[in-house]
Amino acid sequence: MKTTRRQALGMFSATLGIGIGLGNGSVFGQDKSKRVLTGHILGNSLAIHIPAIAALNEGLPALGYAPPKLTRVDSMQVMTQSIIGKSAELGEADISSTLQASIAGADLKVIGLVYANSSLVFVVNADKVKEFADLQKEGVIVAVNSKGDWMHAMLTGPLLKRGVDPDKVTIVEIGGSASRVQALLANRVQAVPVHIDQTPAILAKGNYKILLKPWEEYKLYIAECWLVGGEWLKNPDNRRLAVDIQKATIASFRRTNRELAYFGNSYRKYSTIKGAAQMTDEQLRPVWELLSKTARAWPDDGNFQRQQFKDLLPAYKSVGAFSKEPDLDRLLDTSITEQALKELG
Amino acid sequence: MSTVRSSMRRYWMSTSPSDLAASGSRGLRSRLGAVLLNAERLTQVASIVAGLLIWELVATQYSAFILPPPSAVLRRLFDPAFDLKLLKALYGALQHMLAGFGLAVAVAVPLGILMGRHPRINAMLDPLVSALYAIPSVAFVPFLVIWFGLFFESRVALVFIMAFPDMLIVITAGARDIKRNLFAVGRSFGASPLQIALKVTLPAMLPFLMTAFRVGIARAINGMITAELFLAAVNLGAMMKDSARTFDSAGVLTVVVVVCLLGLTAQALIAALEARLLHWHHR
Amino acid sequence: MSRAERISWNLAGIVLFMLAWEAVGRWLGSAVLAAPSLVAREYVQLLREGSMLSELATSLRQMLVGFGLACAIGMPLGILMGRVKLVERVMTPWIGMFVVTSVAALVPLFLLILGTGFAFRATIVFVASVWYIVITSYNGARGVDPGLISVARSFGASPLQTTLKVVFPAVYPYLISGARIGLVHAIRAMVMAEMFVILGYGGLIYQTGMRPETEPLIGLLVTLMAVSVAATWLLRIVGNWISPSYEQRIAGT
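If you're matching them up, the sequences are chains R, S and W in order.
Note that my numbering has the first sequence beginning at 1, numbered continuously upward.
Note that my numbering has the second sequence beginning at 1, numbered continuously upward.
Note that my numbering has the third sequence beginning at 1, numbered continuously upward.
Keep in mind that the hints were calculated from the coordinates and are not lab data.
No experiment lies behind these values; they were computed from the predicted model shown.
Just so you know, not all the hints are guaranteed correct.
[Claimed, not checked] If the Cβ cut is set under 7 angstroms, some of the chain R residues that face chain S in the computed set are:
{"hint": "1", "residue": "Q100"}
{"hint": "2", "residue": "A101"}
{"hint": "3", "residue": "A104"}
{"hint": "4", "residue": "G148"}
{"hint": "5", "residue": "V172"}
{"hint": "6", "residue": "A276"}
[What the hints assert, rightly or not] EDC-like mimics (lysine to aspartate or glutamate), calculated; alpha carbons at most 16 angstroms apart, straight line:
{"hint": "7", "chain 1": "R", "residue 1": "K147", "chain 2": "S", "residue 2": "D242"}
{"hint": "8", "chain 1": "W", "residue 1": "K85", "chain 2": "S", "residue 2": "E40"}
{"hint": "9", "chain 1": "R", "residue 1": "K317", "chain 2": "S", "residue 2": "D242"}
By construction, the Cβ of each residue, glycine as well, lies at the ideal position given by its N, Cα and C atoms.
For reference, chain R alone in the conformation it holds in the complex:
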């Protein structure tokens, strides 16, 4: 009797094990004939991300791929580690973490930009913070996504310019811009970087103001890139996929710049902001004009150039991000974008 029970248990656990294995391993219901890209994207998609996210979701299928399997990852540090650990093929990665990983010897390649100028601003609790110098006060906490990431670097530049010691500013890590908004509203932190289209909702909730706008401080501030593994890119099929990712991205950039309606549609579909689905094109026009025309965040040529990375290095160095000079030739693969531009014409 006992043995039977044990056998039953054994069979049960075997079935369970196989079930779990199958559930994790295979992709039921996917069209097997088409290539499925697995990608990690950041936790929140805001206006600035929309053309690139639309490119993955709609542009790639238009080029003959299956819809990609996208997972949201909040921490930018973790995002880069995901690509190194091969948890995903494509990552919407932070350039700062990527440079650090490359210096440490990780086999990574950047194939293009997710956008070419940041829409991120620092919003502060105006009761406690009136100017940059107030950030070093006792009881003022600044949240960034991950220490040493591009948001941290973006703040450090203006601080140094105004003679404020960045080391005296209390920095904590909160992944995900939506979480940072909540933390600011709950007065757990007093300064957070958020995207420009998240600000109206915050400013309406109390005495908050925008302390830092990158387009007033920097000529151009690139921040997020499409990241893949170096070994992965050596495979010809993957290389073809990479070119198509860039083709889709740049095509989406171009269309966004020309058509407010296309941007509006994508925004309503892919933005993670509350109430995005109900927003009209006219409500979105200001942010679209700012990002498309003033900030030129979605350049028609992808604007993926070595020089931009070189220009940013001083800002990243100021947050202690690098132990030595990064080898940009090893990290950047501009040929993918060149090929994509050639094919797009």
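Based on the hints, put chains S and W in the right spot on chain R.
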């Protein structure tokens, strides 16, 4: 008094506080002790050395940040600049660890004895303790941020939350097992209540209190590093995050090794204390 | 104390606690500690919304793989340690070391090596639970009556037969007990690893924790508690079903 002692010795030889969390490491530790006494240390040392050698050899096949070799950790530990940073971090880390552990002891000991000696109080509080135990402590972090902020107070609170339930369970079980007739023996020798408390109750409780401390200190060290990683990153947690940020796996691993050594040291200290206080109590 | 009396005291404790919580919750407001009456209402909402349960299912599935591996490797290893002197001596120093190492400290390291995917989470769960399973199985195997084994041997049983027919049944209660301890640690590790990388159920706790009101956060913790209690209860039932004397035998450790 010697009669009381011997009756207690007999009692503790026949029973030991049985507890879910403690039973595992107890058995292993006493076994470890026996092995050491039998001078079978050699196999163990050989095992460690062989393990590290294999690891070192395997690590040569991978890049340094995928699998750092043990030699890289050793090199880091012998680097004076690193050690200075490490000592500072340890000093900071021990502060909230000890504060949280102290608080947990201060609450768990009286409450555990109360619950162990009074079945009704035990029946009232037991479901709540079980519920608290069932929730992973780290899930309380968002609450701690709301209540205590992101810094020292919050870290102390997390250490407390992690060490407290485990200790309470051991102490309650131990206090329940103290035999009533122990008190009767004391009284029949004409001892005052204070004398009974000092000479009978306390010595009878020491073995399971020591077990509770050993379980508790391991959890407190766990809480210490968890707090530094999950609240505002400071001390050892900041060192780990900084190393992880620059993809310096050897640096991360070195801190892991330090935390492990800290745990082993704390266990050894309590074992030494136990041996001193409980020399009459044979395992 | 009779069973009925104990249960009524249990209930009295729970009711008193809920009343105190309700009072404190109303006094402090839901930004600091939501009262249970508000949590109950929010909980229905959380159940209806569905993201709580779907995240939980995914997380638990990944956890079960890590935990299953820990059982599959930990139990035989523990038995082997209890029966073979050399294995015991080789393994004890390592186990002593791993048991005191906090899993939280391993998370940044494994994150670097394994990324954030399934392998990372399953590995963390495995490392967090396997040593407890090994130790408990080892304690069980060590205590097997040598007389039984010599009887088996004298009847011409092979070492494998002896292990399967004598050692294994004697160790059974310990295996279940080890699985129970391991499962508690597995669930803890799952939540911890996920909170660190902000993914899955742990990630949901992290994100919810940033919201200004605490009702949904408490709701998530209640679910987690229910899962943990249910899982250990289930293992006890299974233990009793397979080996009816399980409870008495394990009480003697």
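Here's how the hints hold up against the structure:
| no. | hint | in the structure |
| --- | --- | --- |
| 1 | Q100 | 5 angstroms, holds |
| 2 | A101 | 5 angstroms, holds |
| 3 | A104 | 3 angstroms, holds |
| 4 | G148 | 5 angstroms, holds |
| 5 | V172 | 5 angstroms, holds |
| 6 | A276 | 26 angstroms, violated |
| 7 | R:K147 / S:D242 | 8 angstroms, holds |
| 8 | W:K85 / S:E40 | 11 angstroms, holds |
| 9 | R:K317 / S:D242 | 14 angstroms, holds |
In summary, the structure is inconsistent with hint 6 from the numbered list given earlier, while agreeing with all the others.
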